[in-house]
Structures are given as structure tokens and as C-alpha cells.
Amino acid sequence: MSQMIMYEEEHRQISFLLNKLYRETNGRACYIVDKNGQLVAEAGETRNIDSTSLSSLVAGSIAATGSLAKLIGEKEFSVLFHEGKDQHIHVTLVSGGVILVVIFDNRTSLGLVRLRVKKASDEFNRVFINLTKKVESPKAKSPFSEITDDDIDSLFRDDDIDKLFRE
Amino acid sequence: MSFINYSSREINCKIVYYGPGLCGKTTNLQFIYDRTRPESKGKMISLATETERTLFFDFLPLSLGEIRGFKTRFHLYTVPGQVFYDASRKLILKGVDGIVFVADSQEEREDANLESLDNLKDNLIEQGMNLNHIPYVVQYNKRDLPNVMSVDQLRRMLNPDGVPDFEAVASQGQGVFETLKSIAKLVLVQLKKAK
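Chains as they are written, first to last, in numbering that gives the first Met the number 0: chain A, 0 to 166; chain B, 0 to 194.
Please keep in mind that the hints were generated in silico from the structure rather than gathered at the bench. Heads up, some of the hints might be wrong.
What the hints assert, rightly or not - For each label pair, taking beta carbons as the anchor points, the in silico distance ranges come out as: (1) A/Leu114 with B/Ala47: 29 to 39 Å; (2) B/Phe83 with A/Asn105: 34 to 44 Å; (3) A/Ser108 with B/Leu144: 50 to 60 Å; (4) A/Leu111 with B/Ala47: 52 to 62 Å.
Computed from a predicted structure; not experimentally measured. Idealized CB from N, CA, C, for every residue including glycine.
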């Protein structure tokens, strides 16, 4: 089974790039999401947006669009654009398995967002290529190397886990 | 595919509820959502038709506590059970870490259960996965209905390998958390093995 691992160093680099993109696009919020719907990083006015739901829906949308592309003999549709009355979402496939999302309103334009995203995509690509190398390196560590069977058992002790659920 | 984030100290895993149409996959998630404390759950999303049949997926994020300082977060998904939504089911299976097969115990759903299980195996193989090698549990749902097959019959038909299985009445919550806890634990044990 393959795993995606995000280390602190790469997360800092991704957050830096994402904040830069947020400023340069003059958008509302920017996100990096993996293709399986997990949120990797966020920047901008994210407080009022449910980022977990957003990530899952964006990944679903990209997956459905990818299948549509194959249906007509296209490799993929690498850009999706959802246009609303006041707000819009620009979604791009960055590098194997990573999705870049920019939410913006009428303070900026699609042209500017597209231009900045294109430039930023190359920078994100570099970080993710390095990250992949690091994860695949034999020296890569997983938190599971330290976790014991007892740790897992203790998480599932009935009295502990049942507290999460109401009667 | 699990996602381990050192920056936010999180381990994220994906669990998919699979099974024939109207077997109770969404009901499982709805019960979990209704009975989980607010601090442990996110918003439940249902992409459903006007008649409340699942169109694409249901999604429920859950936190099940910490292991060695890492929060364990599980993303629960259901697939649409209706036969003609196969393209959507394939998409939702991508990156799956654990599967719950929800069977409808009613006699008249025998064929539908078998067809769905075959479909699950085929869709996994298409993605280079094998049901024998990923965390997997079976739930025999709707045990409260009068025309159900015996658990022995269901087990022979749907669970010949003897993976963990549970009787359930998802609409009343019976067996729902037992199933969830079992698959979540299997997923973490598998992750530890695959480290």
C-alpha cells in the first residue's frame, strides 16, 4: 500500500508558495489538496470555508472530470473553472496527484489567476518531485516505525473510543 | 492511500462502504454522524439524487483520537450502490485504505449482494489491488426484517475467507460502531505493517 507523507520542511515550502500565490492572485483563498481528497495546505481567508469538505469535493470533481476526459480520448483536463455570480473556483492539476485550488471574487480576474497559477505550478512541481524522492528514499521514516500494537489497541479500548460517540 | 502529515501531526485514512443499492451504506454513515460528538466529526456531505439515492458519494470525516501524538483521522465514503453507477464507484475506490462490505440480509437481495461483491473485486483488480490484501470487514445489515437469510448462509456466500463480520440494523445503530471500530483498527494495523 502506498502512502503520502508530508514532512515539515516541504510543508513550509508549500505554505510559502501558497501564501505567495494568494497575494499575487489577489484571490480569496488557495488550497493544495491531494487527489484522494486530503487537504495538504491552505492560505488566505480560509476561516469560513470548510476545508475538509472542500478537499473531498474538489478531489471528486477532478476524478469525475478525469474520467470524462478519458471517455472522449483525452489524457486529462488539467484545468477546471467554476464560475459563479460573485465567486469563482479555479482548479489545476499540478503534479502527479496534487491539486491546486484558488477561490477568488471580483477583486481580481480569471486572466490574472490563470497566469499566476501557471507560474506557481512549476514551483509546486519542484517541491513535490523532491518530496516524492524523499518519501521513496530508504532513509524515509514513518511515524508507524515507532507505533506499537499496544498503541493501536489502546486507541480502541472500548471506554476510550466510546467517549467519542454519544449514547 | 493514507496520508501522514508531520506538519499537522495527522494520519489520514480512507474507508469505503461498498454494497448493493439500498443495503444501508448511507444509513451507516448517517448514524455515525448523528451519534458522534461534534468535536470528533466534520460535516457530512451527501451527493444524492432528488429521491435521496446516492448519486456520487457520501463523505464523513471523523477523528478517532491520538496515537503517539498523531491525530488519527478517517474519511468515510460510501459508493452509489445502483448497478449503473459503476464509473463513480471506481473513482471512489481510488486510494482506499479499508473496505466495509454492507450486505442486505434479505433473501431477495442474494443476487444483488453477490453481484456487488464481484463488482468490488473487479474494480479493485482494475486498480491493481486485491480484496485479500487490504483491510476488509463485512456487515450483514437489516437483521430486523422478517425475510432474512441466516448468518451462516450469508457468511458462506459472502465471507468464505472469514474476515471480521458483524450483524447490524443500521437504521437503529446496531452493529454500526462495532463495524467502524473493526475496520479502523485493521487499517492502522495494516499501515504499521506497511511502514
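_Numbers of unmet hints, in rising order_ = 4
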